[in-house]
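Take 949 as the starting number for the sequence shown in the numbering used here and just add one per residue.
Watch out, some of these pointers could steer you wrong.
What the hints assert, rightly or not - Distance ranges between label pairs, derived from CB positions:
id, residue 1, residue 2, range
1, T1020, A1046, 15 to 21 Å
2, M1025, K998, 16 to 22 Å
3, D980, S1017, 29 to 35 Å
4, G985, T1020, 30 to 36 Å
5, K1043, K1022, 15 to 21 Å
6, P1039, S1017, 26 to 32 Å
7, F983, I1042, 16 to 22 Å
8, L1013, V976, 17 to 23 Å
9, P1038, S984, 30 to 36 Å
10, V975, L1041, 17 to 23 Å
11, T1020, S984, 29 to 35 Å
12, E979, V1014, 20 to 26 Å
13, P1038, L978, 25 to 31 Å
Said to hold, decoys possible - Derived DSS-like pairs: lysine-lysine, alpha-carbon spacing no greater than 30 Å straight-line:
id, residue 1, residue 2
14, K1010, K1022
15, K1010, K998
16, K991, K1015
17, K998, K1022
18, K1043, K1022
19, K1015, K998
20, K1010, K1043
21, K991, K1043
22, K1043, K998
23, K1015, K1043
24, K1010, K991
25, K1022, K991
No wet-lab data here; the hints were simulated from the structure. For glycine and all other residues, C-beta sits at the position ideal for the given N, C-alpha and C.
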Amino acid sequence: SPRLSWLALAGNPRLVGAPPPGAPLPVVRLEDIDFSGAEALGKGASGTVKSAVWRGAPCAVKQLLVKSSDGTAKDEMATLQALGSPEAAPPSLIKAIAVVEDP
949 SPRLSWLALA
959 GNPRLVGAPP
969 PGAPLPVVRL
979 EDIDFSGAEA
989 LGKGASGTVK
999 SAVWRGAPCA
1009 VKQLLVKSSD
1019 GTAKDEMATL
1029 QALGSPEAAP
1039 PSLIKAIAVV
1049 EDP
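Please construct the entire structure, taking both the sequences and the accompanying hints into account.
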């Protein structure tokens, strides 16, 4: 059976200022994501995850907390950005396909 594991890099001084090697993830508007029929998929230290549909395909949306025991939303986004495009990310990782920036 699959196991879940993670690596928290938030605030690691060796990563501060390191440029992300990947291309930026596309930024989408929240209203472009269909949450009708959405279900809660999980909740953890850094946020909640629910089901959704984007561009006609099922997806999961993670709403990050501004700050958590895992670090900040900015730290988590920097880590995802460093992984690069979904095509370039290791197959063992869940791929980020876009970002919704909520002011």
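Inset, instruction - State the violated hints by number, sorted upward, taking the hints as numbered earlier in the document. - result: As far as the earlier hints go, not one is violated by this structure.
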